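Engineer: Start from the sequences and build out the full structure, keeping to the hints where you can.
So the chains spell out like this:
There are 2 protein chains.
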Amino acid sequence: MATSKKKSDTGLADSIAPGNVTAKDLSNMLGIAQSSVSRAFTPDSRISDELRQRIIALADEVGYRPNAIARSLNTKSSGIVALVMGDITNPFYPEVLEAFSYRLQKEGKQLLLFVVPPGRQADDVMPQVLQYQIDAVIVTSAHMSSRTADMCCRRGIPVIFLNRRVKNNSVWSVCCNNARMGESVADYLVERGYRRCAFIAGAANTSTSSDRRRGFVKALGRHGLTLAASLDGHYTYEGGYAAAHALFRNQKNDVDALFCANDIMALGALDYLKHVAKLAVPHDVAVVGFDDIRAAAFPAYNLTTVRQPTQEMIDVTMRLLAEGAPPDQAGKALHEVGGQLITRGTA
Amino acid sequence: MATSKKKSDTGLADSIAPGNVTAKDLSNMLGIAQSSVSRAFTPDSRISDELRQRIIALADEVGYRPNAIARSLNTKSSGIVALVMGDITNPFYPEVLEAFSYRLQKEGKQLLLFVVPPGRQADDVMPQVLQYQIDAVIVTSAHMSSRTADMCCRRGIPVIFLNRRVKNNSVWSVCCNNARMGESVADYLVERGYRRCAFIAGAANTSTSSDRRRGFVKALGRHGLTLAASLDGHYTYEGGYAAAHALFRNQKNDVDALFCANDIMALGALDYLKHVAKLAVPHDVAVVGFDDIRAAAFPAYNLTTVRQPTQEMIDVTMRLLAEGAPPDQAGKALHEVGGQLITRGTA
Numbered sequence: 347m348a349t350s351k352k353k354s355d356t357g358l359a360d361s362i363a364p365g366n367v368t369a370k371d372l373s374n375m376l377g378i379a380q381s382s383v384s385r386a387f388t389p390d391s392r393i394s395d396e397l398r399q400r401i402i403a404l405a406d407e408v409g410y411r412p413n414a415i416a417r418s419l420n421t422k423s424s425g426i427v428a429l430v431m432g433d434i435t436n437p438f439y440p441e442v443l444e445a446f447s448y449r450l451q452k453e454g455k456q457l458l459l460f461v462v463p464p465g466r467q468a469d470d471v472m473p474q475v476l477q478y479q480i481d482a483v484i485v486t487s488a489h490m491s492s493r494t495a496d497m498c499c500r501r502g503i504p505v506i507f508l509n510r511r512v513k514n515n516s517v518w519s520v521c522c523n524n525a526r527m528g529e530s531v532a533d534y535l536v537e538r539g540y541r542r543c544a545f546i547a548g549a550a551n552t553s554t555s556s557d558r559r560r561g562f563v564k565a566l567g568r569h570g571l572t573l574a575a576s577l578d579g580h581y582t583y584e585g586g587y588a589a590a591h592a593l594f595r596n597q598k599n600d601v602d603a604l605f606c607a608n609d610i611m612a613l614g615a616l617d618y619l620k621h622v623a624k625l626a627v628p629h630d631v632a633v634v635g636f637d638d639i640r641a642a643a644f645p646a647y648n649l650t651t652v653r654q655p656t657q658e659m660i661d662v663t664m665r666l667l668a669e670g671a672p673p674d675q676a677g678k679a680l681h682e683v684g685g686q687l688i689t690r691g692t693a
Numbered sequence: 347m348a349t350s351k352k353k354s355d356t357g358l359a360d361s362i363a364p365g366n367v368t369a370k371d372l373s374n375m376l377g378i379a380q381s382s383v384s385r386a387f388t389p390d391s392r393i394s395d396e397l398r399q400r401i402i403a404l405a406d407e408v409g410y411r412p413n414a415i416a417r418s419l420n421t422k423s424s425g426i427v428a429l430v431m432g433d434i435t436n437p438f439y440p441e442v443l444e445a446f447s448y449r450l451q452k453e454g455k456q457l458l459l460f461v462v463p464p465g466r467q468a469d470d471v472m473p474q475v476l477q478y479q480i481d482a483v484i485v486t487s488a489h490m491s492s493r494t495a496d497m498c499c500r501r502g503i504p505v506i507f508l509n510r511r512v513k514n515n516s517v518w519s520v521c522c523n524n525a526r527m528g529e530s531v532a533d534y535l536v537e538r539g540y541r542r543c544a545f546i547a548g549a550a551n552t553s554t555s556s557d558r559r560r561g562f563v564k565a566l567g568r569h570g571l572t573l574a575a576s577l578d579g580h581y582t583y584e585g586g587y588a589a590a591h592a593l594f595r596n597q598k599n600d601v602d603a604l605f606c607a608n609d610i611m612a613l614g615a616l617d618y619l620k621h622v623a624k625l626a627v628p629h630d631v632a633v634v635g636f637d638d639i640r641a642a643a644f645p646a647y648n649l650t651t652v653r654q655p656t657q658e659m660i661d662v663t664m665r666l667l668a669e670g671a672p673p674d675q676a677g678k679a680l681h682e683v684g685g686q687l688i689t690r691g692t693a
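Sequences listed follow chains A and B, in order. First residue of the first sequence? That's 347 in the numbering used here, and the numbers climb one at a time after it. First residue of the second sequence? That's 347 in the numbering used here, and the numbers climb one at a time after it.
All clues stand as given, with none of them false.
Listed next, the in silico BS3-like pairs over lysine-lysine satisfying Cα-Cα at most 30 Å (straight line):
#1 B/Lys-678 <-> B/Lys-513
#2 B/Lys-624 <-> A/Lys-624
#3 B/Lys-564 <-> B/Lys-513
#4 B/Lys-455 <-> A/Lys-455
#5 A/Lys-455 <-> B/Lys-452
#6 B/Lys-370 <-> B/Lys-455
It is worth saying that the hints were derived from the structure and are not from the lab. On a predicted model such as this, the values are computed, not experimentally measured, just so you know.
Structural biologist: In structure tokens, the structure reads:
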């Protein structure tokens, strides 16, 4: 390759066919070590800005691009993290996606996104996920069977459930302290004089919804109260709207507070209560959500809610990613992070 | 590899080290052609369900996984499409992401997501993007310089701007007929008696905002009117809120209609007008948005807006992806799809 070096000195870099230039060619052209070329394309590596710029400029000129994928075949680490996401219409998940994507990029990793179609499970997209050389699978707002989780584990691919708690000890779970925050919501409502509290549940069989409900019911019990009603809202705007309609259409029930297992259901319930049933919130009925999505703070809603510790949950997830292995001990698989009650105008 | 076949007959599949099994091993174990193994892992390929199930079951058992990435090194097509997205906080883009992601998955392709941090350009993430073997780059809600676009083009990677029109003839642009829809909004407002129409612009230097404004101003001119005011709202909720505040805080202006270049700004403007300025919409002032995001239809907003033809824009994008090449003629690079005025309660 000494010829390449000579050629570059005479401006012959242009004549090399694009796509056929190797890191070795590039290092020869510049008369530098091949390892410098590699460092120029690795975020945060030790190399002067001036040398990095020179290398990237020549790489651009001759059409060299470092192939992260080819490199991954040697190192067995691709830098690609698969995110399997079930419910992208709930604004909470794009907010998680945004924060998680920034964070991965900052650490030189990349996000391969798989969206689970409505009514399907994470299992259904796993054959596609496993076609790629990925370092880990993050599952959020989707169900994955123990069988599939175990299969990933056997293949050495850590599985991390984000905002979901699973019983399987071969996978990680990172979530908010949902039961504890459910208790806080009940305490807050009862202290403000509400006595007939109903719960609007999220998607069936989700730990987030059942944990929030359990804490809520437990704290009501401490105050000598029981749930006035419990309806399914399926974690959707339409579901929250329909649940409020079912509860309040005949004006005969005496429910005076609604705890919705997420914010988007709470917005649906609020829209029904204020614009259709023409009830005064929080005078006639209080509404509390969970997540603290951006729209919760909009004046049209001004929703009292529980803020999920999204950044902290992502911090924990990144730490588990860096470890790169499934939990080694039963009982250590669950990481809970504390949420915060945000009091606004609906309770 | 005849030995492998014999071994599987005696249940020895279990003894093969995970990760070391090849498609040839698997086909030998099952006594089938290697091409059947490949077909079993390719969506929509011709293979019986029964054989596919047998192949996948054994693959699971012995830890074989087809490596799409290794395959891509041979075929030069990885099935991975990079999506470079600038503004994920505007709900329109998660909705596009959802629709686009489903569609790619359905065609056996996969989405690698790159989020451009606020205040940066697509150019800034391109060094990372180009580390991966990608079939194409889709850019949405982000700016990319002609220099970077040309570089992708030289490397044989088609660049498609989705919801953005660019002048560079080496890249594709797919967008709504923004200028025409701007005209429709002006006609609609003037027909309903509004005469003092203001425009709230999106991010500076975006074709979507300037095209919508141009059409709006042109049609006002046909009615003998000019723009009553024009403010920047930066395509954010907060920007729309602040623009409405700037226009209406002193109650002395006589603006009677606001055309906001996207919905999320319109929601911000509506929240200011209704909840802070205590104005009646549409009696005191009309508000029209653009996009038709889900929240536009919520009773709290009930926003009159222009529906973007998201599915049709994705259809065109998929067709361009299938062609797999940059535009071959100047003037053929732009694809415009028709939008639709959705009349609700704010105008």
